[in-house]
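**Student:** Take a look at the letters that make up each chain.
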Amino acid sequence: MDEKKLNIKLKIWRQSGPNTVGSFVDYNVSISPDASFLEMLDELNNSLEKNNQDPIVFESDCREGICGTCGMVINGEPHGPLRKIATCQLHMRNFKDGQTIWVEPFRAKAFPVIKDLAVDRSAFDKIIQVGGYISVNTGGVPDANSIPISKEIASEAFDSAACIGCGACVAACKNGSAMLFVSAKVTQFALLPQGQPERQKRVEAMVAKMDEFGFGSCSNTYACEAECPKGISVVNIAKLNHEYRLAKIKSKNVEV
Amino acid sequence: MGWFWKFTNSSIGKKLVMSITGILLIIFLIIHLAGNLTLYWGEKAFITYAGTLELLKPLIRIIEVLLALVFIFHIINGVRVWWGNKKSKPIDYKINAKFKNSSIFSRTMIQSASIIFIFLVIHLDTIWYPYNVGTGAENLYGIVTSLFAIPLYSWFYIFAMVLLGFHLNHGFQSAFQTMGWNHKKYFPLIQKIGTIYAILMAVGFASLPIYFLYFHGR
Ligand code: SF4
Numbered sequence: 002m003d004e005k006k007l008n009i010k011l012k013i014w015r016q017s018g019p020n021t022v023g024s025f026v027d028y029n030v031s032i033s034p035d036a037s038f039l040e041m042l043d044e045l046n047n048s049l050e051k052n053n054q055d056p057i058v059f060e061s062d063c064r065e066g067i068c069g070t071c072g073m074v075i076n077g078e079p080h081g082p083l084r085k086i087a088t089c090q091l092h093m094r095n096f097k098d099g100q101t102i103w104v105e106p107f108r109a110k111a112f113p114v115i116k117d118l119a120v121d122r123s124a125f126d127k128i129i130q131v132g133g134y135i136s137v138n139t140g141g142v143p144d145a146n147s148i149p150i151s152k153e154i155a156s157e158a159f160d161s162a163a164c165i166g167c168g169a170c171v172a173a174c175k176n177g178s179a180m181l182f183v184s185a186k187v188t189q190f191a192l193l194p195q196g197q198p199e200r201q202k203r204v205e206a207m208v209a210k211m212d213e214f215g216f217g218s219c220s221n222t223y224a225c226e227a228e229c230p231k232g233i234s235v236v237n238i239a240k241l242n243h244e245y246r247l248a249k250i251k252s253k254n255v256e257v
Numbered sequence: 005m006g007w008f009w010k011f012t013n014s015s016i017g018k019k020l021v022m023s024i025t026g027i028l029l030i031i032f033l034i035i036h037l038a039g040n041l042t043l044y045w046g047e048k049a050f051i052t053y054a055g056t057l058e059l060l061k062p063l064i065r066i067i068e069v070l071l072a073l074v075f076i077f078h079i080i081n082g083v084r085v086w087w088g089n090k091k092s093k094p095i096d097y098k099i100n101a102k103f104k105n106s107s108i109f110s111r112t113m114i115q116s117a118s119i120i121f122i123f124l125v126i127h128l129d130t131i132w133y134p135y136n137v138g139t140g141a142e143n144l145y146g147i148v149t150s151l152f153a154i155p156l157y158s159w160f161y162i163f164a165m166v167l168l169g170f171h172l173n174h175g176f177q178s179a180f181q182t183m184g185w186n187h188k189k190y191f192p193l194i195q196k197i198g199t200i201y202a203i204l205m206a207v208g209f210a211s212l213p214i215y216f217l218y219f220h221g222r
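Protein chains in written order, with our numbering: chain A, 2 to 257; chain B, 5 to 222.
None of these hints come from the bench; they were simulated from the model. Be aware that a few hints might be false.
Stated by the list, open to error - Calculated pairs, DMTMM-like style, for lysine to aspartate or glutamate (alpha carbon to alpha carbon, straight line, at most 25 Å):
#: 1; chain 1: A; residue 1: Lys5; chain 2: A; residue 2: Asp27
#: 2; chain 1: A; residue 1: Lys12; chain 2: A; residue 2: Asp121
#: 3; chain 1: B; residue 1: Lys98; chain 2: A; residue 2: Glu60
#: 4; chain 1: B; residue 1: Lys196; chain 2: A; residue 2: Glu226
#: 5; chain 1: B; residue 1: Lys90; chain 2: A; residue 2: Glu213
To be verified - Covered stretches of chain B, going by a simulated chain A footprint (3 or more residues, C-beta under 8 Å):
#: 6; region: 18 to 25
#: 7; region: 92 to 103
#: 8; region: 200 to 209
Here a beta-carbon is modelled for each residue, glycine too, at the ideal position from N, C-alpha and C.
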């Protein structure tokens, strides 16, 4: 197969550990246009390893855009220049022959770099742990559809539930705010009957956790929505603001 | 009240303070501009307007205090939000593609705010202070028109008003979003109204120095 390969110049952020100083390193690759961005990095890593060099650390898992593991900032945009896709769904054919591509890790105080392009997003897990769930009683399996939910509400909740927790919203936000992520989770439960018992407690706890990690305060630039691979709408953030305000006014909790 | 303190200091609470004070300032600007525009009807109309306010002085003084508080909360809280957000994003990207995912108005709130703040200080010092605290017999029309005759003063005034327009264009819809009033049906309309409002305010206020500098009495 002598398909035309693309010659790409890469400038990739290399940083050997959380507390070391990183810098951009140049690489040249010749790659099939059909390769995904991550496959391109795989090939590059193979050649680095062949030459006994340290491979570039980046995260990925499902490689079909549903797990939220991959994510890097490509030419200034989380998940690259295309809309509504994760990095794994970005293909090299979207770049021009001879183009220079800058690859950086997600930047935010709450997402410290572990190594190279891998950042620690465990803050998201901690936020989920304090409220991103519903409590259900154990026992017999309830009948399907025993709680009536209209199609409209179900679809709306699903739109919010589509968030894959990738963190691109935080990366895109100039304030390093996690509000798109948190709002998607809060909205998803607030819309459904199952989410009602813990509704106030949830939003109060999740916002408090988010603030504790030092995520910023949303200033409504809407960069998050533009870069989100799942197209989560900032309407969720409006909903979060509203939920939080009502919870603060109504709840009996004086601690958080 | 510990919970209330924590609420207003939370990421969302701080934004809420910006939103509420912002909405109040948006209303204030409309009233302020309406009053200013009487300048176009000449000295008599303007003095009559100022005189009417003079009659309501006790009420005006109360409003002034409240307005000052609104300004102070908006400014101090705004700086806190900005500073906190800066700390949340300690390292910026080498390649910046922000222009692709957000508007310039939304990204430059602190810059437009800084210029408007400088304007506010000059504005209070050159108009409000001489009129209210000065000898007492000052003619407001005289004060204003002689200031507008100074090109540097007028041009800074115009520059600040353009940035006020920038600030309002983002701030208007942002206030609604922060209150949680983002509805599919109405929000696009709110954004349009915000832009129209911002243009009206910027053009309305800036038209006065332009008029007095270049057209009045020529
Ligand atoms: S809201 Fe979008 S960008 Fe943010 S974590 Fe969820 S899927 Fe990723």
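**Student:** In ascending order, which of the hints set out earlier in this document are inconsistent with the structure?
**Tutor:** Hint 8 is the one this structure does not satisfy, whereas the remaining hints hold.
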